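Given the sequences, and given the hints that come with them, work out the whole structure.
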Amino acid sequence: MNKHMNNSTDNDGIDRRGFLKCMAWAGTGTLCVVQGGVLKSFALGDVLKQRVANITGDLSFVQISDSHIGFNKAANPDVTLTLRAAIAKINALATPPAFVLHTGDLTQLSKPDEFDTLAESLKSLKTDRIHYVPGEHDVLNDNGQAFRERFGRGSQEDGWYSFDQNGVHFIALVNVLNLKAGGLGSLGPNQLKWIEKDVSSLQSSTPIVVFAHIPLWAVYPQWGWCTDDSAQALALLKRFASVTVLNGHIHQIMQKVEGNVTFHTACSTAFPQPQPGQAASPGPMKVPSEKLNAALGITDVNIVRGKHTLAIVDSTLES
Amino acid sequence: MMIRENMPNRPRKTTWVLIATVILSLALLATVTSKRLASSRSEVATTSVDIDNFSFAPRQLTIPAGRRVTWINKDDVPHTIISVDHRFKSKALDTDDKFSFTFQNPGVYEYFCSVHPTMTGKIIVR
Numbered sequence: 087m088n089k090h091m092n093n094s095t096d097n098d099g100i101d102r103r104g105f106l107k108c109m110a111w112a113g114t115g116t117l118c119v120v121q122g123g124v125l126k127s128f129a130l131g132d133v134l135k136q137r138v139a140n141i142t143g144d145l146s147f148v149q150i151s152d153s154h155i156g157f158n159k160a161a162n163p164d165v166t167l168t169l170r171a172a173i174a175k176i177n178a179l180a181t182p183p184a185f186v187l188h189t190g191d192l193t194q195l196s197k198p199d200e201f202d203t204l205a206e207s208l209k210s211l212k213t214d215r216i217h218y219v220p221g222e223h224d225v226l227n228d229n230g231q232a233f234r235e236r237f238g239r240g241s242q243e244d245g246w247y248s249f250d251q252n253g254v255h256f257i258a259l260v261n262v263l264n265l266k267a268g269g270l271g272s273l274g275p276n277q278l279k280w281i282e283k284d285v286s287s288l289q290s291s292t293p294i295v296v297f298a299h300i301p302l303w304a305v306y307p308q309w310g311w312c313t314d315d316s317a318q319a320l321a322l323l324k325r326f327a328s329v330t331v332l333n334g335h336i337h338q339i340m341q342k343v344e345g346n347v348t349f350h351t352a353c354s355t356a357f358p359q360p361q362p363g364q365a366a367s368p369g370p371m372k373v374p375s376e377k378l379n380a381a382l383g384i385t386d387v388n389i390v391r392g393k394h395t396l397a398i399v400d401s402t403l404e405s
Numbered sequence: 005m006m007i008r009e010n011m012p013n014r015p016r017k018t019t020w021v022l023i024a025t026v027i028l029s030l031a032l033l034a035t036v037t038s039k040r041l042a043s044s045r046s047e048v049a050t051t052s053v054d055i056d057n058f059s060f061a062p063r064q065l066t067i068p069a070g071r072r073v074t075w076i077n078k079d080d081v082p083h084t085i086i087s088v089d090h091r092f093k094s095k096a097l098d099t100d101d102k103f104s105f106t107f108q109n110p111g112v113y114e115y116f117c118s119v120h121p122t123m124t125g126k127i128i129v130r
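Top to bottom, those sequences are chains A and B. All residue numbers for the first sequence refer to the numbering used here, where the first residue is 87 and numbers rise by one. All residue numbers for the second sequence refer to the numbering used here, where the first residue is 5 and numbers rise by one.
By construction, these hints were calculated from the structure, which means they are not laboratory data. Keep in mind the model is a prediction, meaning the values are calculated, not measured. Wrong hints could be hidden among the right ones.
[To be verified] With a Cα cut of at most 20 Å, we get these calculated EDC-like pairs of lysine to aspartate or glutamate: (1) A:K377 x A:D164; (2) A:K197 x B:D89; (3) A:K372 x B:D56.
[What the hints assert, rightly or not] These stretches of chain A come out as covered by chain B in the derived footprint (C-beta under 8 Å, 3 or more residues): (4) 183 to 197; (5) 204 to 213; (6) 241 to 253.
Note that the Cβ used here is the ideal one computed from N, Cα and C, for glycine as well.
So this is what it looks like as structure tokens:
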């Protein structure tokens with residue numbers, strides 16, 4: 087169930103306008119390696135089994151997503167157990183990640199005890215820190231206030247923020263608030279203004295990694311797997327040589343390269359969802375219990391300066 | 005004797021007339037009531053809106069003023085019911101949770117799920 091996905095070339099990996107590659111499979115984790123500002127993704131299981139060579143970089147971090155603590159239906163009656171399996175997988179990496187990104191849906195119902203369990207479980211992660219963005223399940227009844235108090239300290243307005251690590255600029259966006267009837271994910275004018283200001287002083291050669299819950303590309307608008315104003319955000323990042331967008335929400339791995347932008351979605355640590363249009367709705371997908379771990383995963387990212395490649399490794403909880 | 009006999013008969017006759025009237029009235033009432041019950045039964049059936057497979061069913065519902073609508077979430081994911089112009093708003097409904105709202109005034113009420121905004125519905129109150 088491990089897949090190695092490398093959408094970059096050894097030359098520059100960035101000048102492939104019009105090229106589109108989209109793959110989906112069930113998996114549980116992605117290792118992202120940023121090499122020279124471009125993100126490469128690898129199935130984490132392949133990394134752990136050393137099936138993928140040369141994925142070390144200047145910086146490596148891990149993305150996890152959609153833990154849905156509190157969910158207890160047939161698709162996975164014990165989401166805390168599978169989250170712990172994901173944590174064990176990260177802790178087994180030869181190079182500990184500089185940090186971990188959680189791209190939202192920490193909880194099922196935004197309940198305090200669900201946030202507690204999530205935070206308590208992640209304490210065992212062998213990493214310096216965890217950066218979060220909220221999913222729609224984390225902001226259900228209070229517009230995200232409880233989420234921001236616990237997981238968004240230092241963030242601005244609805245919870246967006248940025249930080250720098252090893253020369254890479256990371257932008258955390260919130261696209262699950264103030265959603266309009268009939269609409270999709272939304273960033274809103276205030277956040278767009280902030281992005282413009284946030285990147286204004288950066289050199290165009292600075293590698294950019296954007297992370298948000300709902301995909302910032304049109305994965306499947308019929309199911310809401312899309313953000314209304316993402317094109318405006320990406321237009322603000324057009325001058326940058328390398329932009330990597332990491333999302334969750336759809337509980338499966340998909341990747342697309344468009345010009346200077348690589349889009350990547352991560353697996354859930356809780357339960358899989360159907361491929362676009364392959365079911366009546368995007369609800370939790372029941373797979374035989376012995377196949378569940380193969381449908382869950384984590385994402386590991388490595389960055390190497392000087393090469394326009396960035397490595398993203400996805401791996402399942404099974405491997 | 006006749007009088008004596010008639011004396012107790014008079015109230016008896018009156019009683020029978022009364023009883024007959026009551027029976028007839030009851031029968032009439034029963035007919036009217038059963039019709040009303042039948043119609044209210046069918047209205048009760050249409051006043052519940054199922055949330056299933058990320059959609060509202062029925063998506064559009066026409067009801068008389070004063071009717072109460074109950075939404076039931078049959079999905080494994082939480083949903084909300086939010087009026088587009090903020091006239092009603094539910095908390096997040098977990099599986100099997102319900103939300104009710106009574107529509108007192110005629111009009112068109114559009115609503116959606118704020119968690120999955122592609123889910124939209126409409127209540128028409130006459």
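We went through each hint and held it up to the structure:
no.: 1; hint: A:K377 x A:D164; result: holds, 14 Å
no.: 2; hint: A:K197 x B:D89; result: violated, 27 Å
no.: 3; hint: A:K372 x B:D56; result: holds, 16 Å
no.: 4; hint: 183 to 197; result: holds (count 3)
no.: 5; hint: 204 to 213; result: violated (count 0)
no.: 6; hint: 241 to 253; result: violated (count 0)
Hint violations for this structure: numbers 2, 5, 6, all remaining hints satisfied.
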